[in-house]
Each structure stands twice: as C-alpha cells, then as structure tokens.
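*Asks:* Listed below, chain by chain, are the residues.
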Amino acid sequence: MCVMIEKYRNIAPDGILSEIRALAGALEGRTLQHVSSTRSGGGVAEILHRMIPWTVSLGIPTTWDVIDGRQDFFEVTKSMHNALQGADVDISCCDKEMYLAHLGQNASRLNLDADVVIVHDPQPAFLIDHFLSRRKSMVWRCHIDLSRPMPPVWRFLRPAINKYAMAVFHIPHFARKDITVPKVLISPSIDPLSEKNRELHEEEITDIVEGFGIDRKRPLIVQISRFDRFKDPIGVITAFRQVRRHFDCQLALAGGSATDDPEGPAVQAEIEEVAAGDPDIFVLFQPTDLQVNALQRAADIILQKSTREGFGLTVTEAMWKGKPVIGGAAGGIPAQIIHGETGFLVNSPEGAAYRIRYLLSHPHIGVAMGGKGREHVRYNFLITRHVRDYLLLMLHVMSNESEKPIFVSGPAGKRIRRNS
Amino acid sequence: MKTQYRRSAAPFEFRKAVYLAEVTNQRAVSLSQLLMEVTIASRWSLFFHLHQHFFRDPHTIPEYPNDFSSWVHTYLAEDSVAEKLANLNLVRSMDLELVRREICTILAQHLQEMSGERHTSPENAFVFCKPRLTVLGTGRRAKTPAEFIRILRDIDSDSVGYHLFIGPRLVSGPVMNDFSLWFRQLGYARLAEKLDSFDPYLKSLKENHDFLLHLIEGECVESQEDVRDDRKIPEYRS
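Those protein sequences? They're chains A and B, same order as listed. For the first sequence, this note's numbering assigns the number 416 to the initial residue and increments by one for each residue that follows. For the second sequence, this note's numbering assigns the number 470 to the initial residue and increments by one for each residue that follows.
A couple of the hints might just be wrong.
[Said to hold, decoys possible] Below, computed lysine-lysine pairings styled on BS3-like, alpha-carbon distance capped at 30 Å:
no., chain 1, residue 1, chain 2, residue 2
1, B, Lys675, A, Lys422
2, A, Lys819, B, Lys675
3, A, Lys787, B, Lys675
[As the list claims (entries may be wrong)] Computed Cβ-Cβ distance ranges for the label pairs, DEER-style:
no., chain 1, residue 1, chain 2, residue 2, range
4, A, Asn762, B, Ser584, 21 to 29 Å
5, A, Asp530, B, Pro480, 31 to 39 Å
6, A, Leu547, B, Thr508, 32 to 40 Å
7, B, Gln581, A, Gly786, 38 to 46 Å
It is worth saying that the hints were derived from the structure and are not from the lab. Please read these numbers as outputs of a predicted model, since none were measured by experiment. C-beta atoms are modelled at their ideal positions from N, C-alpha and C, and glycine is treated no differently.
Based on the sequences and whatever the hints tell you, model everything.
*Replies:* Structure (structure tokens):
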C-alpha cells in the first residue's frame with residue numbers, strides 16, 4: 416500500500432489514484448532524476464519538494480541534483496531567465512563563456528544516469544551538451560513563459576533545448592514553434608494538504624482576517640498576487656470603486672514583491688497611494704501561506720485581473736477553496752476558468768466591475784460556480800494529476816513512441832506493451 | 470427472456486486511457502487559417518479537440534462542446550460559425566474523416582459568404598495538440614450482463630469515456646461504441662440498437678455513465694436478478 420495514495424484518498428479523484436498505481440506498477444524499478452538550479456525558494460523547488468516523496472513512495476527511486484556556482488554565475492542565469500520572459504536584457508559573450516564553463520564544471524561532478532532525467536528551467540539546460548549519449552532519456556521542463564523572449568538570448572539557448580528528447584510546457588502558447596523536439600503539456604498543480612490550501616476551521620479564518628481589520632459580515636473581494644503591473648492592482652481598485660457605488664463591500668489586495676523585481680516597491684507605493692484613506696481597502700504586504708489561505712476562504716469573490724500571466728496558480732488556489740474567480744484573459748488563466756461556469760474572464764476594470772456586481776447580486780450563482788471550480792481543480796490541477804503526468808512522461812520517454820498508444824495491463828500495471 | 474443469453478462473446482474488458490497532450494506546430498488566428506490547418510491536421514489531433522473536455526471534467530458539459538466552437542466563439546466572436554461547429558454530427562460519424570469534411574464545409578461556406586475576416590492575437594491562437602495515449606487495463610472483466618452491470622456501477626466514468634469515444638475512434642474502431650458491439654454479440658439486439666442511437670455528445674461523462682447504467686439495467690432485468698445472487702450467474706462458453 417502506498418502511503419501517499421492513502422494520504423490523498425477522499426481528496427483526489429479515485430480514478431487518478433488508481434491511474435497512479437497502475438502507472439507506478441509499470442515503472443517499478445525505473446529511476447528518475449531531477450536537476451534544477453536551487454533547492455529552496457521559487458516554484459520549481461516547491462514543486463520538487465512535494466513531488467519527490469510521491470515518486471519515491473511509488474517505488475521509483477528518485478534523486479534531485481542542484482547545480483552550483485559563484486554569484487556571477489547566478490547573476491547571468493538570472494539575466495537569462497528574465498530575458499527569456501521578455502525583459503530587455505542581453506548577455507555578453509564573456510558572460511556566456513563564464514556561464515558555460517561553470518556549467519561544464521557542474522557536469523563533471525554530476526552523473527545523469529537515471530532512466531529518465533528531467534532538467535528544470537533554462538539555468539541547467541546546457542548540461543545536455545555534456546551528456547549527449549544520454550539525450551534520449553533527458554527531458555527539458557520549462558516553467559516560464561517563453562512566448563516572447565529576447566531574441567539574442569533565445570538564439571543562444573535554443574540549440575541546447577533542441578538536443579533533448581522532449582520538452583515540457585505549462586500551456587500551448589509557451590511551446591514555441593522553433594523548438595523542434597516533441598513538446599508536451601503538463602500543467603502545474605497545488606497541494607491540497609499544504610499550509611496554503613489545507614482546510615481551516617471557521618474560527619481560525621475569522622481570527623486571521625479580523626486581525627487585518629476585515630469585517631466578516633460584509634462581502635469581501637480578494638486579489639492575491641505579487642505587486643506587479645501585469646497583475647493590474649490599480650485596475651482592481653478601479654473596479655472595486657465602481658462596485659462600491661452599488662454594494663457595501665471590502666477589498667483585500669495581498670502580495671509582495673520578488674527580490675529580483677526592481678519595480679515591486681514602486682508598484683506597492685502606487686497601490687498605497689491610490690488606496691490611501693479608504694477604510695474598505697486593505698493592502699497586505701507579504702502575507703504568510705496560512706494568511707493567504709484564510710483570506711481566500713473568507714472571500715466572497717476572488718480576482719486575478721492579470722494582463723499578463725504565467726499559469727496563475729493563485730486562480731487554482733481560489734477555485735480549490737470553492738470561490739467564483741474573475742480572471743484576466745491572459746496566460747494560463749483561460750485554461751483554468753471555464754467562462755460562465757467556474758467564474759468569468761474579463762479584459763478591463765469595467766468588465767471586472769460588472770462581473771463582481773453580478774455575483775454580489777446573485778450569491779447563489781457564485782456558490783454554484785465555486786463548487787464547479789473546486790471539482791475542476793480536483794480533476795485537473797491537484798498534485799495527484801501532476802504526479803500521474805510525470806509517470807506518463809517517464810513511460811513516453813522510455814517508449815520513444817509518439818504515434819501509437821502504450822498499453823499497460825491490469826490495475827497493478829505490471830506489463831507494458833506497445834500497440835502493433 | 471432467457472433467449473437473450475443465446476450467444477456467447479469474449480469477456481468485456483474494462484479499460485481506460487490517460488494521455489499527455491503533445492503540442493504541434495499548427496496554429497490558427499483566423500477562420501481561413503483554421504480551415505487550412507483542420508484540412509491537414511492528424512485524426513489524433515481532430516479527436517483531441519473534439520473530445521478533450523469529457524476527460525478534463527467528467528461532471529460538466531461546456532456551452533460550446535468542442536475546442537473549435539469554443540475558440541471561434543471566445544476569440545473570433547463569430548457566433549454563427551461557433552454554433553454550427555457546436556452542432557457537428559459526431560454521433561453518426563464514426564469516421565473522423567467525415568467530421569473533418571463537415572468542419573471544413575462549415576468554415577469554407579462561411580468564408581465564401583463573408584467580406585472581411587477577423588483575426589485574433591498570436592497569444593490567443595488556436596494551437597493544435599494531439600494525445601500521446603496510454604491505455605490502462607482496469608483488471609475488471611465481465612462475462613455476463615449481470616457482471617457488466619455490477620462493474621459499471623462502480624467503475625470510473627473515464628472508463629465509460631474510453632469505451633464510448635477513445636476505443637471506438639482511435640484504438641479498436643471504427644465502431645459506434647464498444648458497449649453496443651459487445652451486447653450485440655451477446656444477442657441483445659434491441660439494447661445494442663439503443664446504445665448505438667443515443668447521443669453521448671449532449672451529456673457530460675458522468676451523465677453518460679448514469680444514463681448507460683439506467684439503460685442497460687432496464688434492458689437486462691433478468692441480469693439484475695443475477696446481480697442480487699452471484700450463484701445464479703450462468704457460465705457462457707463459446
């Protein structure tokens with residue numbers, strides 16, 4: 416009996432748990448190796464800390480290697496990371512040489528010999544050049560928005576990506592046409608047992624949100640996100656003020672700024688200036704995971720009014736808490752919100768204001784949408800689906816077959832055959 | 470009614486399928502591009518965009534029930550075309566080539582009648598994907614209608630989806646659905662006829678599951694007696 420499967424029973428769909436068991440049976444004895452740039456901080460490390468106990472408990476020995484380097488090495492990788500997501504920065508030839516030399520040193524101490532090796536994000540991508548004989552078992556997992564990279568930096572990275580057996584993306588639009596290896600989709604996920612998503616008692620929720628001065632008797636609208644212009648916090652305040660002409664309600668804007676985002680403090684100052692003197696707007700800086708959880712659970716409506724977005728896991732978190740979500744039609748948000756079913760997609764502050772007013776006028780519709788949203792997340796965006804997809808990825812990398820189905824026999828999945 | 474057991478068939482093996490979506494290089498930002506890409510898309514890709522919603526959420530049927538109609542509605546706001554694409558004759562078209570022809574006809578006719586064409590931005594393009602399929606055995610096999618009903622009661626709705634859509638269209642087909650094929654082999658002609666003629670595209674996977682259970686239970690009254698008492702299950706040999 417797998418401990419992890421039992422832990423998630425009655426939370427994740429039974430069907431997905433049985434799929435995990437079958438696939439793990441077929442992969443028994445196979446090994447998996449992850450390579451990333453850091454063991455702490457950031458979304459990739461968070462996912463791996465939760466994912467690795469899963470694959471280990473399923474009988475798939477899993478290791479996690481991290482590249483190391485001096486500060487100047489990571490300054491280059493950070494610039495590369497930002498440029499690939501559209502920031503206007505270039506990398507000098509000297510920096511590229513230093514980066515490649517450092518990665519070569521990393522390669523000499525690493526042994527990438529698992530049945531499947533998943534290399535996460537651009538920082539360690541060039542390791543492939545040192546393991547070309549193993550390329551058929553190596554996958555590049557991209558966690559960033561690659562749709563509008565700075566061309567010179569992308570031209571530098573692209574040849575390395577095209578040496579992998581496969582590349583994995585969050586949403587179709589990140590999977591660029593000039594990547595010539597097979598490109599598959601695996602959505603990110605949330606862990607329903609984490610501090611940010613676990614169930615809370617009503618008293619606990621009330622204690623936390625009343626601690627911020629929020630009145631639980633009046634409707635609450637919440638947006639949780641970094642203080643970043645692409646999250647349109649000023650648009651959120653504009654929408655809220657249009658709604659408040661008709662409804663007595665409150666707004667909580669909770670977030671922070673990444674240490675590598677020089678604009679963060681400026682955006683926060685702008686938000687505080689616009690919200691100044693308004694007793695119904697709560698600007699909350701760097702809330703803890705537990706506080707985010709409580710705010711989302713106390714909300715009547717959750718916004719994610721992004722104009723540009725990666726996948727938007729805050730939308731997933733909100734839907735998991737059974738709330739109707741109004742999201743900007745950007746990045747991965749349309750892949751999560753079923754317009755009119757689990758929430759609404761909007762393109763302007765006015766659109767957001769109208770949908771908030773509609774949901775405040777029809778609270779029963781908001782409750783029904785929230786219920787559907789939670790089920791949508793249960794099937795598509797919990798860690799259990801993510802684990803299943805990684806097992807599928809392993810099977811497909813090892814089978815090296817794209818056109819024909821792979822057959823796994825029996826509930827324990829002990830036998831694999833290919834369709835002839 | 471005993472005569473309904475007059476034939477034998479190989480046991481019905483309940484399966485399900487899971488997939489990774491593979492992104493192709495085919496993209497469209499307008500109806501004319503969509504027409505061009507649908508013309509050359511693989512049948513796996515067509516299948517994916519006509520059926521993926523069933524497997525993403527077994528409880529819900531979206532307003533626009535396939536990716537083509539949904540995209541045309543959301544990003545091109547060409548609602549008359551979206552409605553026609555929502556109304557594709559999928560239930561009668563076992564062959565995906567017929568569906569391809571129907572989609573192309575709808576798009577071509579509309580393009581002929583219109584003067585200008587709407588485009589959406591590249592980030593809202595229709596991106597063609599195809600499934601990398603893994604078929605899983607569930608270990609559940611039915612030799613009789615009674616066993617079939619018993620398994621159908623507690624099997625996952627995804628398994629129902631496999632036998633309604635994936636198996637018949639991509640793996641073993643083309644047949645209307647795996648269920649009707651098996652019941653016809655057993656001699657349940659009337660039930661097979663009903664299984665062939667119902668439209669699973671108007672229901673969510675869970676609703677299809679409930680409907681099938683109700684229909685098959687109703688048609689196999691004697692089998693239900695067998696369900697209540699395992700000792701009565703007859704042996705069938707070919």
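*Asks:* Each hint needs a verdict: does it hold in this structure or not?
*Replies:* Tested hints:
1. Under the criterion of a C-alpha separation no larger than 30 Å, the hint pairing Lys675 of chain B with Lys422 of chain A is consistent with the structure, at around 25 Å.
2. Between the alpha carbons of Lys819 of chain A and Lys675 of chain B the distance comes to roughly 28 Å, so the proposed pair stays at or under 30 Å and holds.
3. Between the alpha carbons of Lys787 of chain A and Lys675 of chain B the distance comes to roughly 14 Å, so the proposed pair stays at or under 30 Å and holds.
4. Between Asn762 of chain A and Ser584 of chain B the beta carbons are some 26 Å apart, a value that agrees with the proposed interval 21 to 29 Å.
5. Taking the beta carbon of each, Asp530 of chain A and Pro480 of chain B are about 34 Å apart, inside 31 to 39 Å as hinted.
6. Distance hint check: the CB atoms of Leu547 of chain A and Thr508 of chain B are about 38 Å apart, consistent with the given range 32 to 40 Å.
7. One distance hint, 38 to 46 Å for the beta-carbon pair Gln581 of chain B and Gly786 of chain A, holds here, with the actual separation near 44 Å.
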